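With chain A's structure known, arrange chain B on it following the hints.
As a plain string of letters, each chain reads:
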Amino acid sequence: MSEEILRVSNLTSGYGKVTVLQQVSLSVNKEEVVAVIGPNGAGKSTLLKTISGLVRPISGEIYFKGKRIDQLSPHLIAKEGIAHVPEGGRLFPNMSVWENLLMGAYANRETLKSGVLEKIYQIFPVLKERRNQFARTLSGGEKQMLAIGRGLTMEPSFLMLDEPSLGLAPKLVEAIYEELEKLRGLGLTILLVEQNTTYALDLADRAYVLENGRVVLEGAGKELQENEHIKKHYLGL
Amino acid sequence: MISEETLRLRRVNWRIFFRRYGIVISFLLLCLVLSLLSDRFLTWTNILNVLRQSSINGIIAVGMTMVILTAGIDLSVGAILALTCVVTADLLQKGLPVPLAMLTGLALGAALGMFSGLLVSRLHIPPFIATLGLMTVSRGLALTYTQGRPITALPASFDFLGAGSIGPIPMPIIVAGLIFLIGYFILARTNLGFYIYALGDNPMAARLSGISVNKVILFVYALSGFLSALAGMVLTGRLDSAQPTAGYGYEFDAIAAVVVGGTSLAGGEGGLFGTLVGALLIGVLNNGLNLLNVSALWEGVVKGAVIALALLLYRAVK
Chain A
12 MSEEILRVSN LTSGYGKVTV LQQVSLSVNK EEVVAVIGPN GAGKSTLLKT ISGLVRPISG
72 EIYFKGKRID QLSPHLIAKE GIAHVPEGGR LFPNMSVWEN LLMGAYANRE TLKSGVLEKI
132 YQIFPVLKER RNQFARTLSG GEKQMLAIGR GLTMEPSFLM LDEPSLGLAP KLVEAIYEEL
192 EKLRGLGLTI LLVEQNTTYA LDLADRAYVL ENGRVVLEGA GKELQENEHI KKHYLGL
Chain B
15 MISEETLRLR RVNWRIFFRR YGIVISFLLL CLVLSLLSDR FLTWTNILNV LRQSSINGII
75 AVGMTMVILT AGIDLSVGAI LALTCVVTAD LLQKGLPVPL AMLTGLALGA ALGMFSGLLV
135 SRLHIPPFIA TLGLMTVSRG LALTYTQGRP ITALPASFDF LGAGSIGPIP MPIIVAGLIF
195 LIGYFILART NLGFYIYALG DNPMAARLSG ISVNKVILFV YALSGFLSAL AGMVLTGRLD
255 SAQPTAGYGY EFDAIAAVVV GGTSLAGGEG GLFGTLVGAL LIGVLNNGLN LLNVSALWEG
315 VVKGAVIALA LLLYRAVK
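Each protein sequence line maps, in turn, to chains A and B. First residue of the first sequence? That's 12 in my numbering, and the numbers climb one at a time after it. First residue of the second sequence? That's 15 in my numbering, and the numbers climb one at a time after it.
Isolated chain B, as found in the complex:
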């Protein structure tokens, strides 16, 4: 006979299972449908293609996950990406050595992120407003800096990050994989990760537990800016061109990946595994729309509907 206790435990376990893996089920279902509809979907080239296309969004989504876990939001990622990549490209064209130009770009990204972190933590400006402002300013700076023109023809050693590959694996996939691993390590294995969850769960209790809340906030926004700059370099390398209009709307793809991946916008709940699946789901979706020749005019509608469906399915089993 099964005791009431085990029954209760089993019920709880199923719930936790779906909470954690419900999105994986949605993802696998989508893959199954696409592989039935198109015989090109499950080929090695196409899989690499999807991974490469998801990698830029994935890199940004790692930072976005941490920001959202603290109950914040970062709308400035796409604009920071644009500003940092035009500055980096310009420095490269002026003859600065590749490592130095990249470091400058990454530092600029981190500094911009830190700026919104300061607005949020010190001046108590809501994250939505602070990063919206930074987004507008950064985009504007990127446009004035270049006078609206793209910067092209960059050193091959710089392009390697976006266009090169190690063995059969393209560099963007390797970079994104590393970033996910590092992010996972920070969230799951360090005090800092624990603080990020605590802050999102209950900011007042976090303060009273002796956590320097301001430093944690500063860190997550700086990291988000840093990763936006990194994603920008991957993108610039791949296109061999830095455009002031690059990264337009990337914030929404990143937020979608995080939220579809089960991280709560209220903070304190979720994690990078979900974000990884969320980013892949969006990547597969984009890929599927191309493979099935869905008209570009309808793409947004189909994409939104499928994301909503995936979330509904996830809620239903949860």
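Bound-form chain A, shown alone:
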């Protein structure tokens, strides 16, 4: 039986008076890759933002490694070991690639000493080649790699990715997912939010389907690929 890392129970969240998530419950176990899929506006990004503290929940609870985190501010949640790679990467455009990576590590100086940058350069060699370039000069795929790399410099025990395939050419999407497969090999726990259902369900151990702010389906990744509802509405089969 694997250990539960993240538990979200009965989470209702949104912006001001607009609720986006309604009574969402989900859990992520250690070394598991969990995907959340669903159409635009289902609340996928809001879910990640609420977990990382950018959005305050209206009701419900979030536990990380048994500790309640839903009232903490974002920088403290980051220090607990949750790395959130937001939609579109959200880099520091006027900083070099190297400085962007450093930003992840600055919050926890111990990681700098552990040679974490070398590990990341091993996973993403292109970042080493381009380490002195401004982040704004990178290509779309490289930006996404840098965003993931910055998340990894925090040496998180839990990585949340928001639409890593967004705006990328199909070939790059494939490349990114190959990298994610590598990360899984390293034993990382990942919560992935994705519209690209095919890739997400292929990678994920388990998946949740979010529609109109509610979890409507859940199951193993392979199992959901066979589900009639998923086939019809998400995979277009």
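Treat the hints with care, as some may be off.
[To be verified] Short, incomplete list of chain A residues facing chain B, as computed with Cβ under 10 angstroms:
{"id": "1", "residue": "G64"}
{"id": "2", "residue": "L65"}
{"id": "3", "residue": "A89"}
{"id": "4", "residue": "K90"}
{"id": "5", "residue": "H95"}
{"id": "6", "residue": "V96"}
{"id": "7", "residue": "N111"}
{"id": "8", "residue": "L113"}
{"id": "9", "residue": "A116"}
{"id": "10", "residue": "G162"}
[Unchecked claim] Pairs of lysine-lysine, DSS-like flavour, derived with a Cα cap of 30 angstroms:
{"id": "11", "chain 1": "A", "residue 1": "K90", "chain 2": "A", "residue 2": "K139"}
{"id": "12", "chain 1": "A", "residue 1": "K78", "chain 2": "B", "residue 2": "K229"}
{"id": "13", "chain 1": "B", "residue 1": "K229", "chain 2": "A", "residue 2": "K90"}
No lab work stands behind these hints, which were simulated from the structure alone. For clarity, every value in this text was computed on a predicted model and none was experimentally measured. The C-beta atom is built at its ideal place from N, Cα and C for all residues, glycine as well.
This is chain B only, laid out in the frame that chain A set:
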């Protein structure tokens, strides 16, 4: 044969060179023109004069640079200067020892700045509005506190900060120089400096990288208030008089120095070297207008035009 790679690198390097030093070229051009038009411009006395006149704006502009780097703005600097200097002067007249009165004034400045920092970070009030409000309130408090009258005849040991000198160098220049050095150190060599740039570059990514964004915001506004109070003491010392109307319009000179110095109002880009040159450029400009006997009525127009020209030149080479 030059490879394409080196050509590309060279082009990039020139661009970076102008980005960084374009304003210096504008500044040197202005100095050259003024030295041709007036033989008094390049004399030792006049140079010291320009430096001394730029120092108060320079001190304020250091704090303003950090605020603007976080994509904020501080309109309250001039009013905080006025309020803190009348309070300090009043305490001095009531017989409080000089160091204690100065500390009180500086703490008041920092506290006022921190107040706008709180409005910006906790209540998410836009910096423009928050500091505009604080500006109006502080100015009003300075006027009511003194009933509109200046406070004069202050202890000589207090006036030293503004009117004294060490060797041939006037104190205001020394104070401004130190503040620039400390500010440069903070921005270039500390984590805090790195956080300030990160926050201006992308606030959301900064939060997610584990930076306590609220504390950084609080710091920059508190520093800006603190430095306004310090600039106020230099000014009060120099005039031997604290006036509730002091510092009127100083926010614009400080913002001009920062922006002319190449710091982006959108945050995340720029630095104190540019602000130093920007403050000097404005100082030289004021000085030049005096030396050339430009009518006071035309001063604003000429000043604005020259600043716009300097910026245009800088953009053109960039």
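A:G162 was flagged as interface toward chain B. Is the shortest Cβ-Cβ separation under 10 angstroms? holds (8 angstroms)
Restraint satisfaction for A:L65 [CB to CB of chain B, less than 10 angstroms]: holds (6 angstroms)
A:N111 was flagged as interface toward chain B. Is the shortest Cβ-Cβ separation under 10 angstroms? holds (8 angstroms)
Next item in the hint list is A:G64. Is there a CB on chain B closer than 10 angstroms to its CB? holds (8 angstroms)
So, as I understand it, the hint says A:A116 touches chain B; can you test that by seeing if any CB pair is closer than 10 angstroms? holds (9 angstroms)
Can you confirm whether the C-alpha distance between A:K78 and B:K229 stays at or below 30 angstroms? Answer holds: A:K78 to B:K229 is near 24 angstroms, not above 30 angstroms.
For B:K229 and A:K90, compute the direct alpha-carbon distance and say whether it is at most 30 angstroms. holds (16 angstroms)
Does the CB of A:V96 sit less than 10 angstroms away from some CB of chain B? holds (8 angstroms)
Minimum beta-carbon distance criterion (10 angstroms), A:A89 to chain B: holds (4 angstroms)
How about A:K90: closest beta carbon in chain B under 10 angstroms, or not? Nearest chain B Cβ about 5 angstroms off; hint holds.
Can you verify the interface hint for A:L113: is its Cβ closer than 10 angstroms to any Cβ in chain B? holds (8 angstroms)
Between A:K90 and A:K139, does the CA-CA distance stay at or below 30 angstroms? It holds: about 26 angstroms lies between the C-alpha atoms, which stays within 30 angstroms.
The structure agrees with every numbered hint stated previously.
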